[in-house]
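For the sequence shown, position 100 (counting from the first letter as 1) is numbered 113 according to this note's numbering, and the numbering increases by one without interruption.
Bear in mind the hints are in silico, worked out from the structure with no lab data behind them. Check the hints yourself; a few may be wrong.
Computed Cβ-Cβ distance ranges for the label pairs, DEER-style [as the list claims (entries may be wrong)]:
1) 125 x 162: 28 to 36 Å
2) 40 x 69: 21 to 29 Å
3) 75 x 152: 26 to 34 Å
4) 29 x 85: 13 to 21 Å
5) 168 x 48: 33 to 41 Å
6) 18 x 168: 32 to 40 Å
7) 74 x 164: 16 to 24 Å
8) 69 x 38: 30 to 38 Å
9) 131 x 35: 29 to 37 Å
10) 52 x 32: 22 to 30 Å
11) 146 x 125: 16 to 24 Å
12) 35 x 130: 14 to 22 Å
13) 141 x 47: 30 to 38 Å
Every value quoted in this text rests on a predicted model; they were computed, and no experiment measured them. Don't be surprised by glycine CBs; every beta carbon is placed ideally from N, CA and C.
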Amino acid sequence: MALSASLVTELSRLAHLVAELDLSRPEEAVRALDEALPTGRRRDFETMLIEAHGEGTLTPRQGTPEGVWFGRVAKPSVETSEMSIDAVDMEGEATPHTHPRGEVSFCVAREGAPLFDGHSPGWVVLPPGSHHTPTVVGGRMLIVYFLPGGAVEWGPKA
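Please model the complete structure; the sequences and the hints are all you need to start from.
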């Protein structure tokens with residue numbers, strides 16, 4: 014089963030927007046993303062993501078540690094403004110990595126009152142050169158993330 018056409022359309026629209034943002038200015042980028050996804054549209058997008066996760070089309074593969082589910086939505090391409098789009102459903106810690114060109118995540122609470130690296134559900138923008146060990150505490154989150162050019166360096170900070 015494939016992702017719904019409406020979800021693919023919305024992810025593509027958001028990828029084009031992310032490509033235009035200056036990720037070295039995270040607060041401004043979050044404001045622009047919030048404006049592009051107002052409350053009603055945001056709820057619809059969250060519902061589409063949760064449904065796709067439940068169907069096993071968004072996050073079909075189990076990762077490590079156990080309980081982490083992930084999926085590749087799109088490789089960098091013209092259709093995604095050279096953004097890779099991936100999704101993960103998680104609680105706890107995931108694999109540490111560095112974002113040579115930045116990372117934009119959209120986080121949806123699935124259980125409890127989760128925080129992603131200290132951030133409430135919604136948009137999280139990490140600037141170019143940032144490094145983190147993605148961590149969800151207080152519950153479980155479904156996270157869709159956009160990487161310019163698919164650029165990521167897995168492992169400890171160099």
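Now for the hints, and whether the structure bears them out:
1. About 34 Å separates the C-beta atoms of residue 125 and residue 162, a value consistent with the hinted range of 28 to 36 Å.
2. In this structure, residue 40 and residue 69 break the distance hint of 21 to 29 Å, their C-beta atoms being roughly 35 Å apart.
3. About 19 Å separates the C-beta atoms of residue 75 and residue 152, a value inconsistent with the hinted range of 26 to 34 Å.
4. Taken as a hint, the range 13 to 21 Å holds for the pair residue 29 and residue 85, whose Cβ atoms sit roughly 19 Å apart.
5. Checking the proposed 33 to 41 Å range against residue 168 and residue 48 shows it holds: the Cβ atoms sit about 35 Å from each other.
6. At roughly 36 Å, the beta carbons of residue 18 and residue 168 sit within the given window of 32 to 40 Å.
7. At roughly 21 Å, the beta-carbon separation of residue 74 and residue 164 lies within the given 16 to 24 Å, and the hint holds.
8. For residue 69 paired with residue 38, a C-beta distance near 37 Å keeps the hint of 30 to 38 Å intact.
9. For the hinted restraint 29 to 37 Å between residue 131 and residue 35, the CB-CB distance of approximately 22 Å leaves it violated.
10. Between residue 52 and residue 32 the CB atoms are about 24 Å apart, so this pair conforms to the stated range of 22 to 30 Å.
11. In this structure the supplied range 16 to 24 Å holds for residue 146 paired with residue 125, their Cβ-Cβ distance being about 20 Å.
12. Under the hint 14 to 22 Å, the C-beta atoms of residue 35 and residue 130, about 20 Å apart, fit the expected range.
13. The beta-carbon spacing between residue 141 and residue 47, approximately 21 Å, falls outside the hinted interval of 30 to 38 Å.
The structure shown violates the earlier hints numbered 2, 3, 9 and 13.
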